[in-house]
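Chemist: Single-letter residue listing:
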Amino acid sequence: MNNYDNLDELQMSVLSEIGNIGAGNAATSLAHILADKVMMSVPVLQIINVSEMATILGGPENELAGILVNMTEDVQGMLLFLLDQEFICMLVNVLMDEHIQSLDEISDIGLSAIMEIGNILSGSYISAISTMTGLNIGLTTPQIAIDMAGAILSYPAAQFGVMGDKLLFIAEDFLSGDSAIKSHLLIMPEPKSLQLIMESLGVC
Amino acid sequence: MSKLLVVGISDQQVACPPDTLITYALGSCVGICLFDTMRRISGLAHVLLPQAINGCNRNEVYKFADTAVEELVKSMERLGCARLHIVAKIAGGANMFATTGRSIGERNVEVVKSELRRLNIRLLAEDTGANYGRTVEFDTQKGSMIIKTAGKGNKIF
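Top to bottom, those sequences are chains L and F. The numbering of the first sequence is this note's numbering, which starts it at 1 and goes up by one. The numbering of the second sequence is this note's numbering, which starts it at 1 and goes up by one.
In short, the hints are calculated from the structure, not lab data. Be aware that a few hints might be false.
Just some of the chain L residues that point at chain F, by a computed CB distance under 8 angstroms [claimed, not checked]:
| # | residue |
| --- | --- |
| 1 | 63 |
| 2 | 134 |
| 3 | 138 |
| 4 | 139 |
| 5 | 143 |
Derived CB-CB ranges, DEER-like [to be verified]:
| # | chain 1 | residue 1 | chain 2 | residue 2 | range |
| --- | --- | --- | --- | --- | --- |
| 6 | F | 141 | L | 41 | 44 to 50 angstroms |
| 7 | L | 173 | F | 120 | 52 to 58 angstroms |
| 8 | L | 17 | F | 125 | 49 to 55 angstroms |
| 9 | L | 58 | F | 1 | 26 to 32 angstroms |
| 10 | L | 98 | F | 155 | 29 to 35 angstroms |
| 11 | L | 179 | F | 131 | 28 to 34 angstroms |
| 12 | F | 141 | L | 120 | 34 to 40 angstroms |
| 13 | L | 31 | F | 141 | 53 to 59 angstroms |
| 14 | L | 180 | F | 37 | 19 to 25 angstroms |
| 15 | L | 173 | F | 117 | 47 to 53 angstroms |
| 16 | F | 84 | L | 6 | 30 to 36 angstroms |
| 17 | F | 142 | L | 28 | 54 to 60 angstroms |
Values in this document were obtained by computation on a predicted structure and should not be read as measured data. Think of the CB as a built atom: it goes at the ideal place given N, C-alpha and C, for glycine as much as any other residue.
Just need the whole structure built from these sequences, with the hints factored in.
Modeler: Now the structure itself:
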């Protein structure tokens, strides 16, 4: 298994299920943070290239926030949450009691709140994978970039570009109150780690 | 009618006036604009990585800086450009997330520059590094490179 292209159907559905459980955990955490009910859609797992990914995210120049967390210890790789402008503003407004309407208005303290959300969301996902596989997975401190979708995606594209052009990502919608929030998560375990995850789950 | 020719990731295109070449949202990638000052033919390449590892992916010449620059020069030469008259302007190579050590963006810029030196092509302008994305537009009429950013303003080189 040296790139995401040759995953078979069973392996894909295993990853979807991981995404499902991870998203469930994440929705629960979000509900706690927002002190509101959070519903989620069934996550969709896709393996696509960077250009297609940019289109899904509203075009390469669409401005959004990317929160990057690296996986360490048993599993190497990265998680990249891509949150749209509306979602970020909503989170900052609820958490910091502010009234921002665009990413340009975000304060430093707002940024660190978003990073904390990234921390909590990635923790939720990773604990799902960790529990299912029995693997020990560490996470680095999140890093945030607010920029054009294409520019943010160049990071995983370059990190994984040597093994192919495809990215593995999970898309899901969270619903809270009146607002539907689109979130996208790129899960990029390194090939060896992906193999290890599959082996730990008895899928090979 | 002038056309807007879009260059994708790991891609290149050659154009003549009055067309404009564009590549969107470069992060760590580097956009290389080449311009023949005599023939007024322009080329734009968008490279993702400095070089292929272990000689794999050798079929993807436009993806790697160490092969893409020369390929773009060759494409222009096939249209009658002379290397002597080709000049370069480059942009991109940002480090989007605060990583430690040498970033891919930095290495991309380094390899692009050394390729330009090796091919005897003069580098006239660059807008590289830092931590933000850039859209690169090349006006084949004026030979100017226009950089657009999200919240960091626009620049013309």
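Chemist: Holds or violated: the hint that residue 134(L) contacts chain F, with Cβ atoms closer than 8 angstroms.
Modeler: With Cβ-Cβ at 30 angstroms, over 8 angstroms, it is violated.
Chemist: 44 to 50 angstroms was suggested as the range; check whether the CB atoms of residue 141(F) and residue 41(L) agree with it.
Modeler: holds (48 angstroms)
Chemist: Going by Cβ atoms only, is residue 63(L) closer than 8 angstroms to chain F?
Modeler: holds (5 angstroms)
Chemist: Tell me if the beta carbons of residue 31(L) and residue 141(F) are separated by a distance inside 53 to 59 angstroms.
Modeler: holds (56 angstroms)
Chemist: At a threshold of 8 angstroms, is the proposed contact between residue 143(L) and chain F supported by beta-carbon distances?
Modeler: holds (4 angstroms)
Chemist: 49 to 55 angstroms was suggested as the range; check whether the CB atoms of residue 17(L) and residue 125(F) agree with it.
Modeler: holds (51 angstroms)
Chemist: Given the range 19 to 25 angstroms, decide if the beta-carbon distance of residue 180(L) to residue 37(F) lies inside it.
Modeler: Hint violated: Cβ distance 53 angstroms, outside 19 to 25 angstroms.
Chemist: Holds or violated: the 29 to 35 angstroms window for the beta-carbon distance between residue 98(L) and residue 155(F)?
Modeler: At roughly 31 angstroms between Cβ atoms, residue 155(F) and residue 98(L) fall inside 29 to 35 angstroms, so the hint holds.
Chemist: Determine whether the Cβ-Cβ distance between residue 84(F) and residue 6(L) falls within the hinted range of 30 to 36 angstroms.
Modeler: violated (47 angstroms)
Chemist: Next item in the hint list is residue 138(L). Is there a CB on chain F closer than 8 angstroms to its CB?
Modeler: The hint is violated - residue 138(L) has no Cβ within 8 angstroms of chain F, the shortest such distance being about 17 angstroms.
Chemist: The hint says 26 to 32 angstroms between residue 58(L) and residue 1(F); measuring C-beta to C-beta, is that right?
Modeler: holds (28 angstroms)
Chemist: Measuring from beta carbon to beta carbon, are residue 173(L) and residue 120(F) in 52 to 58 angstroms?
Modeler: Because 54 angstroms falls inside the window, the suggested range holds.
When each numbered hint is compared with the structure, violations occur for hints 2, 3, 4, 12, 14, 16.
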